[in-house]
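Asker: Letter by letter, the chains look like this.
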Amino acid sequence: MALNTEKNSYTLLFAIGLVVIVGTLLASVDASLKEKIKINKVLEKQQNILYAIGINENEGNNVSFISSDKAEKEFKKYFTKQIYIQDNNIIQDDNAYLIDIKKEKALSKDPSYNRKLPLFIANKDGKNLYVAPIRGKGLWDAIWAYVSMDENMTITGIYFDHKAETPGLGANIKQRFFMDDFIGESLLDAGGNFRGVTVSKTNLDPKNEDKYDNEVDAIAGSTITGDGVTAMIRSDLSLYQQYFNNINAK
Amino acid sequence: MALLSKKDTKLITDPLSDNNPITVQVLGICSALAITAELEASVVMSVSVLFVMGVGNVIISMIRNIVPSKIRIIVQLTVIATLVIIVDLVLKAFAYELSKTLSVFIGLIITNCIIMGRFEAFALGNGLWRSFLDGVGNAFGYAVILIIVGFFRELLGSGTLWGIAVLGDPIDKTGLYALGYENNGFMLLSPMALIVVGIIIWVQRARSKHLIED
Numbered sequence: 001m002a003l004n005t006e007k008n009s010y011t012l013l014f015a016i017g018l019v020v021i022v023g024t025l026l027a028s029v030d031a032s033l034k035e036k037i038k039i040n041k042v043l044e045k046q047q048n049i050l051y052a053i054g055i056n057e058n059e060g061n062n063v064s065f066i067s068s069d070k071a072e073k074e075f076k077k078y079f080t081k082q083i084y085i086q087d088n089n090i091i092q093d094d095n096a097y098l099i100d101i102k103k104e105k106a107l108s109k110d111p112s113y114n115r116k117l118p119l120f121i122a123n124k125d126g127k128n129l130y131v132a133p134i135r136g137k138g139l140w141d142a143i144w145a146y147v148s149m150d151e152n153m154t155i156t157g158i159y160f161d162h163k164a165e166t167p168g169l170g171a172n173i174k175q176r177f178f179m180d181d182f183i184g185e186s187l188l189d190a191g192g193n194f195r196g197v198t199v200s201k202t203n204l205d206p207k208n209e210d211k212y213d214n215e216v217d218a219i220a221g222s223t224i225t226g227d228g229v230t231a232m233i234r235s236d237l238s239l240y241q242q243y244f245n246n247i248n249a250k
Numbered sequence: 001m002a003l004l005s006k007k008d009t010k011l012i013t014d015p016l017s018d019n020n021p022i023t024v025q026v027l028g029i030c031s032a033l034a035i036t037a038e039l040e041a042s043v044v045m046s047v048s049v050l051f052v053m054g055v056g057n058v059i060i061s062m063i064r065n066i067v068p069s070k071i072r073i074i075v076q077l078t079v080i081a082t083l084v085i086i087v088d089l090v091l092k093a094f095a096y097e098l099s100k101t102l103s104v105f106i107g108l109i110i111t112n113c114i115i116m117g118r119f120e121a122f123a124l125g126n127g128l129w130r131s132f133l134d135g136v137g138n139a140f141g142y143a144v145i146l147i148i149v150g151f152f153r154e155l156l157g158s159g160t161l162w163g164i165a166v167l168g169d170p171i172d173k174t175g176l177y178a179l180g181y182e183n184n185g186f187m188l189l190s191p192m193a194l195i196v197v198g199i200i201i202w203v204q205r206a207r208s209k210h211l212i213e214d
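In the order they appear, the protein sequences are chains P and L.
The opening position of the first sequence corresponds to residue 1 in this note's numbering, with each subsequent residue numbered one higher.
The opening position of the second sequence corresponds to residue 1 in this note's numbering, with each subsequent residue numbered one higher.
Since the hints were made in silico from the structure, they are not lab data.
Some hints could be false.
Unchecked claim - Think about it this way: if two alpha-carbon atoms lie no more than 30 angstroms apart in a straight line, the pair counts; the simulated BS3-like pairs of lysine-lysine are: (1) L:173 with P:201; (2) P:127 with P:36; (3) P:163 with L:173; (4) L:100 with P:105; (5) P:102 with L:6; (6) P:211 with L:173.
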């Protein structure tokens, strides 16, 4: 049978058929894999947060997380307390790490809404480490990070990730040479005011020996991603300063 | 009978030289500029395109006789997008680490004109096996250029290959850097990728004169 593929009615039917087939296929694949993907995402979050406090399997210059089957156990072991701050109240929530920062940031566009600020407190080698999740914009899409700090808001570890930065350029924010530069940088200036950490083209300190300048070296060719990192640290971490002032005053 | 007839072999070898998708057909230039700052990214992209081209060409060839020509471009786009999304979902469920590496390439694959170009120019008019060979051949042709560009950009731009420092440490001034050599940061930016592709085209046309158009 020869099909007349030029007829309008055929074209229309073909389009409808295609949409139905493709739609059903995609929906069923998505539905059947949803649970597995969700579990993977939670485990990844735990791995990332553990990475920030230095629980990882880094060797040489590679970034490597602890294996996903150990993540849950280790996460429970170190993170003894999880809270979120809302409206100056501190609320305990053992699943604070699952709070969706993207959603919170979107809600906070409404000035009457005080966004939740999650903070995960780990006890490592007898010291308290405070991990805050932050989120901002890179060149193409979202970038985010988990920042581990001590009581003085000095960064002890950081993990960056991104959705779609350019491989080889902006995507390098998740490389050791960039992330490790942040370790030891203070978010405050000498007077205790919040300054953040600037990703700077004029830092001229590639090994980042000066830990008190609130600056790290930028990556060549990724100015906008770097500016995004600076802005994200400034806007999101400054919100936590009040909390740290309070615990230090006690 | 040999597995590949002479004509079939040409489908694989032609895109590697005289009918290269990037340097002769000028398809897939955008991704060749975008992701070749590192050798590793070039290889990952090449493998992804190899997979999508091979399978995609076969699917398009399979439905070539029932696709209405008025909406064929949309149909092609739907096929690629569906294919890529399903692969992405399966990887997310069963090989999460790998899917993280590939996630940035998804958009680049769906919009890669080399894939659409081969669907349109070849798979719509040829049988399954030949379409498959054409897809694989063009993906290899694409890969060759990507890897050459990635090699030079990473070597001259960052002094590394596959993330491993091969020229010494630029900060500690060891190896070549001790002699005053400097990385050329400009190599990391897209314009230099275009210039490298241009040099490849130049070399290729100087060697095979019949490619030169008047």
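Asker: Check the hint pairing residue 100 (chain L) with residue 105 (chain P) against an upper bound of 30 angstroms on the C-alpha distance.
Answerer: holds, 24 angstroms
Asker: Would the hint linking residue 173 (chain L) and residue 201 (chain P) be met if the CA-CA limit is 30 angstroms?
Answerer: Holds. Residue 173 (chain L) to residue 201 (chain P) sits at ~20 angstroms (cutoff 30 angstroms).
Asker: Within a Cα-Cα threshold of 30 angstroms, do residue 102 (chain P) and residue 6 (chain L) meet the stated pairing?
Answerer: violated, 57 angstroms
Asker: Between the alpha carbons of residue 127 (chain P) and residue 36 (chain P), is the straight-line distance 30 angstroms or under?
Answerer: Violated, at roughly 35 angstroms.
Asker: With the threshold set at 30 angstroms, check whether the alpha-carbon distance from residue 163 (chain P) to residue 173 (chain L) stays at or below it.
Answerer: violated, 34 angstroms
Asker: Between residue 211 (chain P) and residue 173 (chain L), does the CA-CA distance stay at or below 30 angstroms?
Answerer: Given that 30 angstroms is the threshold and the Cα spacing comes to 22 angstroms, the pair holds.
The structure fails hints 2, 3 and 5 (numbered hints given earlier, in ascending order).
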